[in-house]
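Residue numbers (this note's numbering), protein chains in the order written: chain V, 1 to 136; chain Y, 1 to 104.
A portion of the hints provided could be inaccurate.
[Stated by the list, open to error] Lysine-lysine pairs mimicking DSS-like chemistry, simulated, CA-CA at most 25 Å apart: (1) Y:K53 to Y:K74; (2) V:K125 to Y:K101; (3) Y:K74 to V:K43.
No wet-lab data here; the hints were simulated from the structure.
One letter stands for each residue in the lines below.
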Amino acid sequence: MPRRKRLRKVVAPPGFRGYKPFGHRHGTREHVDLLYEEYEAIKLADYDLLNHLEAARLMGISRPTFARIYESARRKIAKAMVETREIRSAFGNAYLDKSWYICEGCHTRFTLPPSMNGRHCPVCKSEDFHSVMEYT
Amino acid sequence: MKTIITSAGNQTDSAFDQRFGRAAWFCLLDEETGQTRFIRNEFADAAQGAGRKVVEKVAELGVNRVISGDFGPKAKELLEQLNIQMVIINDQATTVTDILKKIK
Chain V
1 MPRRKRLRKV VAPPGFRGYK PFGHRHGTRE HVDLLYEEYE AIKLADYDLL
51 NHLEAARLMG ISRPTFARIY ESARRKIAKA MVETREIRSA FGNAYLDKSW
101 YICEGCHTRF TLPPSMNGRH CPVCKSEDFH SVMEYT
Chain Y
1 MKTIITSAGN QTDSAFDQRF GRAAWFCLLD EETGQTRFIR NEFADAAQGA
51 GRKVVEKVAE LGVNRVISGD FGPKAKELLE QLNIQMVIIN DQATTVTDIL
101 KKIK
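Given these sequences and hints, build the entire structure.
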């Protein structure tokens, strides 16, 4: 069994749902999923112009892991351009803020407002869930 | 306790809509009576602010929980303020019936 993926911290999710090519002759093709952490990696390295070590620290991961995510992001964008595919943003292995929980059983993500009685997963009723923060 | 599930159509076998503000329909489940009813989303084609308007409507209906594929940043903030529980299910192939069965 492979090692569990640590969640990557994303400061702000992408402000788009996707990008579409236009003016091409091909019909609709399978889209490319750009994960939140990949978007964040591109943003930190190429927009905020941080070096990989600084960016990795911000995302709560090691520098080699950051480099892998960054490489995968660049490859996905290149693939989308060359093969005229749509880019869509997908959640991936990221966490955004501490008010979210993730269920161990069914991997549902949810919030627990203070008015809610009973602390269990709303889908499978399991009490085995963690704050997404604890994954780091 | 009332729950809303975003739905692509107005029947319980409709596909689960991954969007919140721009979902086509909402399935309103009343857990006390176990009854469901479908509400058309009049803001699905709104030029802007669909999420915010839908949150206002959801609050008017007295809903405590919304189940969707994702929530926009504005909707998220408002739902949090209104103490409405958000549940994210990232299963594209699921239907409203599947979710209704799971949460029972």
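field: Restraint status (C-alpha distance of K125 (chain V) to K101 (chain Y) at most 25 Å)
entry: holds (12 Å)
message: Run the distance test for K53 (chain Y) versus K74 (chain Y): straight-line Cα separation, threshold 25 Å.
response: Judged against 25 Å, a Cα distance of about 10 Å means the pair holds.
- request: For the pair supplied as a hint, K74 (chain Y) and K43 (chain V), confirm whether the alpha-carbon distance does not exceed 25 Å.
  value: holds (22 Å)
Of the numbered hints listed earlier, not one is contradicted by the structure.
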